[in-house]
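S.K.: Residues per chain are reported as follows:
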Amino acid sequence: DAGVTQSPTHLIKTRGQQVTLRCSPKSGHDTVSWYQQALGQGPQFIFQYYEEEERQRGNFPDRFSGHQFPNYSSELNVNALLLGDSALYLCASSLVGSSYNEQFFGPGTRLTVL
Amino acid sequence: SQQGEEDPQALSIQEGENATMNCSYKTSINNLQWYRQNSGRGLVHLILIRSNEREKHSGRLRVTLDTSKKSSSLLITASRAADTASYFCATDVGGGSQGNLIFGKGTKLSVKP
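Heads up: the sequence lines are chains C and L, in that order.
Going by our numbering, the first residue of the first sequence is number 1392, and it counts up by one from there.
Going by our numbering, the first residue of the second sequence is number 693, and it counts up by one from there.
Hints listed in this document are in silico derivations from the structure and should not be mistaken for laboratory results.
We put the beta carbon where it would ideally sit given N, CA and C, even for glycine.
Hints may contain errors.
[To be verified] Simulated DEER-style distance windows between Cβ atoms:
{"id": "1", "chain 1": "C", "residue 1": "ASN1470", "chain 2": "L", "residue 2": "GLU747", "range": "44 to 54 Å"}
{"id": "2", "chain 1": "C", "residue 1": "ASP1453", "chain 2": "L", "residue 2": "ASN710", "range": "42 to 52 Å"}
{"id": "3", "chain 1": "L", "residue 1": "SER750", "chain 2": "C", "residue 2": "ASN1450", "range": "24 to 34 Å"}
{"id": "4", "chain 1": "L", "residue 1": "GLY708", "chain 2": "C", "residue 2": "PRO1461", "range": "50 to 60 Å"}
{"id": "5", "chain 1": "C", "residue 1": "SER1398", "chain 2": "L", "residue 2": "ASP699", "range": "32 to 42 Å"}
{"id": "6", "chain 1": "L", "residue 1": "ASN714", "chain 2": "C", "residue 2": "GLY1431", "range": "32 to 42 Å"}
{"id": "7", "chain 1": "C", "residue 1": "GLU1493", "chain 2": "L", "residue 2": "LYS804", "range": "27 to 37 Å"}
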């Protein structure tokens, strides 16, 4: 049973560039959430996708956008990168309709903005 | 913004000792979950406690929840060096319908052999 996978593992970009991160959910899951974790902090919710639409969004600017594909995989796009966007980006999957909001996390993508 | 606040921020103990971490939160919750993170990698789900539960066990883990005080504790008994990690509490305020999780800043646990 494949867990949540993310690619790439690490990424280095410069300010102003754009980046795309990818996530494949756990087998059988249909909902994908993205979190940003700055160094020494807990994860912060960016947004959540279900049925190819953004269901919820945290307090992040429009530079952060996403997409969900028919196979439930998802992408996170960040435009006009800032130094402060350097963080670990975590993807989590879950199943809508489950009794509890237990989310399964991927290993993350470490983004460094220079 | 972060709802949960873990206490202490860092904890160092010897192998075999018990480790207790606390979490406080601000708003009503549907459930509270504890996660472990090794060296800045992905989060591993440890245990979930519903708002109508007061205590839950899973192996060497014991979680309590006091909704009147808006607090929870995680106890790891007979700790091992492999328990060295950061531990986060996360609250689900979404009514069980896939709301986002709100994480605290975590407790960094170091277990010395």
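S.K.: The structure should be examined with respect to each hint, and the outcome stated for every one.
M.R.: Each hint tested on the structure:
Take ASN1470(C) and GLU747(L): their Cβ atoms lie about 47 Å apart, and the range 44 to 54 Å holds. For ASP1453(C) and ASN710(L), the Cβ-Cβ distance of about 47 Å falls inside the hinted range of 42 to 52 Å, so the restraint holds. Look at SER750(L) against ASN1450(C): about 33 Å separates their beta carbons, and that is inside 24 to 34 Å. For the hinted restraint 50 to 60 Å between GLY708(L) and PRO1461(C), the CB-CB distance of approximately 51 Å keeps it satisfied.
Between SER1398(C) and ASP699(L) the Cβ separation comes to about 36 Å, which falls inside the hinted range of 32 to 42 Å. A C-beta distance of roughly 19 Å is found between ASN714(L) and GLY1431(C), which places it outside the suggested range of 32 to 42 Å. Checked against the hint of 27 to 37 Å, the C-beta distance between GLU1493(C) and LYS804(L) comes to roughly 32 Å, which is consistent with it.
Checked against the numbered hints given earlier, the structure breaks only hint 6 and satisfies all the rest.
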